[in-house]
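Asks: Here are the chains, one letter per residue:
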Amino acid sequence: MGKAAGFTLGELAVALRATLDGDPSRVVTGVAPLDSAGPDQISFLIDRRYAAAARASRAGAFLAASDAPGLPAPTLRAAAPQQALIDLLTLFHPPAPVPPGVHPTAAVAGGARVDASASVGPFAVIEADAAVGARVRVHALAYVGAGAAVGEDSVLYPRVVLYPGVRLGRRVVVQAGAVIGAEGFGYAFDGAAHRKIPQVGSVRIEDDVEIGANTTIDRATLGETVVGRGTKIDNLVQIGHNVTVGEHSILVAQVGLSGSCRLGRGVVLAGQVGVADHVTVGDGVVSGAQAGIAGDVAAGEKVLGTPALPMAHARRVWVAKARLPELIRRMRAAERRLQRLEGQLGIAAPEPRGGDEDE
Amino acid sequence: MGKAAGFTLGELAVALRATLDGDPSRVVTGVAPLDSAGPDQISFLIDRRYAAAARASRAGAFLAASDAPGLPAPTLRAAAPQQALIDLLTLFHPPAPVPPGVHPTAAVAGGARVDASASVGPFAVIEADAAVGARVRVHALAYVGAGAAVGEDSVLYPRVVLYPGVRLGRRVVVQAGAVIGAEGFGYAFDGAAHRKIPQVGSVRIEDDVEIGANTTIDRATLGETVVGRGTKIDNLVQIGHNVTVGEHSILVAQVGLSGSCRLGRGVVLAGQVGVADHVTVGDGVVSGAQAGIAGDVAAGEKVLGTPALPMAHARRVWVAKARLPELIRRMRAAERRLQRLEGQLGIAAPEPRGGDEDE
Amino acid sequence: MGKAAGFTLGELAVALRATLDGDPSRVVTGVAPLDSAGPDQISFLIDRRYAAAARASRAGAFLAASDAPGLPAPTLRAAAPQQALIDLLTLFHPPAPVPPGVHPTAAVAGGARVDASASVGPFAVIEADAAVGARVRVHALAYVGAGAAVGEDSVLYPRVVLYPGVRLGRRVVVQAGAVIGAEGFGYAFDGAAHRKIPQVGSVRIEDDVEIGANTTIDRATLGETVVGRGTKIDNLVQIGHNVTVGEHSILVAQVGLSGSCRLGRGVVLAGQVGVADHVTVGDGVVSGAQAGIAGDVAAGEKVLGTPALPMAHARRVWVAKARLPELIRRMRAAERRLQRLEGQLGIAAPEPRGGDEDE
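Top line first, the protein sequences correspond to chains A, B and C. Just so we're aligned, residue 1 is where the first sequence starts under our numbering, counting upward by one. Just so we're aligned, residue 1 is where the second sequence starts under our numbering, counting upward by one. Just so we're aligned, residue 1 is where the third sequence starts under our numbering, counting upward by one.
Hints are computed from structural coordinates only; laboratory data are not their basis. On a predicted model such as this, the values are computed, not experimentally measured, just so you know. Not one of these hints is a red herring.
For chains that are exact copies, the list does not tell them apart, and a pair is met inside one copy or across any two.
Only pairs whose alpha carbons sit at most 20 Å apart, straight line, appear in this in silico DMTMM-like list of lysine to aspartate or glutamate:
#1 K196 <-> E247
#2 K196 <-> D87
#3 K302 <-> E247
#4 K196 <-> D277
#5 K302 <-> D283
#6 K196 <-> D47
#7 K196 <-> D207
Isolated chain A (complex conformation) (with noise of 0.2 Å):
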């Protein structure tokens, strides 16, 4: 993780399209979170969680929202925080150029194709017929099976395994011992065993999407597993058989997509969520940790819980159910005072009516 030599905070206004509160002759050497940065470093306060944390830093420079209060050092303020603190990083820690060429302990077979620009680690395996396109770099120890497809400039990390056929495009990132192509998990009970249906189809992953750690994508059935650009997964993701992901959605770690559920473009599911079969999630649902979505979810609903309830709904059920042991006492209760009520009026209770019907 190399670090340029400095930057005045004056270039870094211009390079962050930002204005300068303070000296901008004044040269920091890195970026540090608040609790560690020291005077030669800059920091940022972007999340206002952090206000206190900001104005106890030792930090020589701050980035923050242009709105942001007065901080103890100078400070770079920006209409889009975030955005800069992205460029701020990238000027500090420019990717690593691309070494070209292949390592001579990789296995690369007859008739596939590595892009001259392309690199390759050591104990790569590329099979035959597949394509590694430009300034593709294929980490130590991983495996692009036959007739795979990796676009120009994506990067397979160490271990990563792509199945015989999958076909990643431009600029996709996959994380260490990501495994996509896997054979779904697609069986018909005969009577005595569970019988294999054969997983013949593929994964298509579109331009830009990024894959986290030892998540797992799998072949279709028939047909094509997709994911949509730009979208980006975290690590230990379950992406069963036939699934459709849309375009820049977000799927938190240990989230499970069920056999050709169908989400939409900009859907936000939280960390560990699961989604049954065939299900059908709208564009721009957003789903909070651990919900169970086990029907459709109409477009632009925030959801909760399993079953997933709208995100208002389940909350309120959230605060509810913890009351519900005082709740059954207090049923109790209402029962001994109605019971003395008819006592007193000389009404017989009522026979307990049978049937489930939940009114």
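With the hints as your guide, set chains B and C onto chain A.
Replies: Chains B and C in isolation, oriented as in the chain A frame:
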């Protein structure tokens, strides 16, 4: 994913033991999903939810159930259409032949026995005293530990790890990244630190088991962790030490089985279910997704929820839970009405009773 | 898993600091579970649930607690029987000696420092400027990124990945397939797409930590993700960027820790628990399985459920939840009785009150 040149519908009717509505000389060259199939392809209608999609399909032929409605192209009708689909897919996508032999880059230790008909891929590692049976396929970068055994016709996809001593039966399929035989999670706190309990047992996987990508199955503390014949395990499943899973069970993605739990035969656990340690789950138990099974479940039961309840009961709880905020309001209203009635009759409201007895 | 030729019970009594009920010259040649142990083997009774199995066991000797009931064979009695079991298992299954040296197929980059007493397996990759300490064992196909450091006596099982710059302390054990230091899940939406926030921090794993198979621990955005000394982490656990886990904590399988959450010392999270981002979990907190910890938890608390509640309260909620359908029926009956009483007294039923106040 090679395809044969094509089959006539007459040939397919014979092969699938299906009856044919339509022209037996018509040729189809592939199988495709309803929405993408063209006039040269055969599609299928097995799940009735797709009947409308089938009627709108451009497929040149269909495979369907004996009693399926009329479809817009020649139709093969089978009594067991899902089994027929397996045969159909296998006809068009026959498994690739295994090229026998050890890749020159593989590392096979002295004392390992690799059958001459087995195939070992690039950078695969077979340690001392391991045994790889007839027609086994060990893909690239897989690891077979010392003394491990892989039964005939099994497949280890890239990067599978078998720890030392693990034993796999025949026709076992392990998808990429699965880890079988890692040390179980056993510690004893000695007052200052968690001391590791040596995990010196092993894992036995019986015939015809399939194991998903990045799934983990731990070795026993002593004795064996066992997965019974014909059981199918999806991706990212965790199986703790000393677990026994019976024959022909189904564990869907992200299921977690705690140490020493015992599952019977024909158990089905849907996605993200957790089972507590030392719990016994009887034969044929079915659990809905995300359930938390904290106690024993009798054979044949269907359960759902955390903690798991009988499924019909759990579904009523799910429905009722959504009405909890309403119920609290109704309780408050009832209490006001009681107070008014008691006032009317000159009865003092009772003191609230203490205690926790939730009658 | 080699075994010594055997020990007399007298030798074992000395080694385990146990008292012996029975013949000290009797020899046992192995340790086995109660149900499979034979007359030449010693078994153990630590969990009282297995007392009946112990009485029925054919074991030639037992290890048990000082106050355990009488058993059908000579018995070693220890004040801390679980610690004694660790010693017993270690006597019969001493750790295999580490054969020092770098396997000829391993790829050690120039500038990497590998201690002469370390062992590096086939196809392992040690990148530039990495440091591998004394007696470390890097198993086959593992990857140690540029500048990463592995402290003495640590073990990386096959296929572990350490991203560049990751630092492991001494005696750290990482099971197969774990990925340490992948890029954290940080994006900022710029109105058109999710832009990656560069993840330029690192991961620090302190001494005596153990990490399970296929677990993922992400690098910090800036600064460090930290796992404290002596903490044990099971399989398939996700630890997000900038998380801090205190010393001597226990994270059971499939736990997920969101970004920037902080766990104290001695925390125990059971399987499939999720912790939300930026949450603080105090020292000694214990959480039941599948809990969803969405807010801070004070030191020493025991919690359960989603959202997590104090454990005793949560258990009452669990019991009460099962009675919800019944409760709704009782409410309806109470309302009917109220209506009848009001009719009797000529009182109009009150208008339902609006609003959401769930009193």
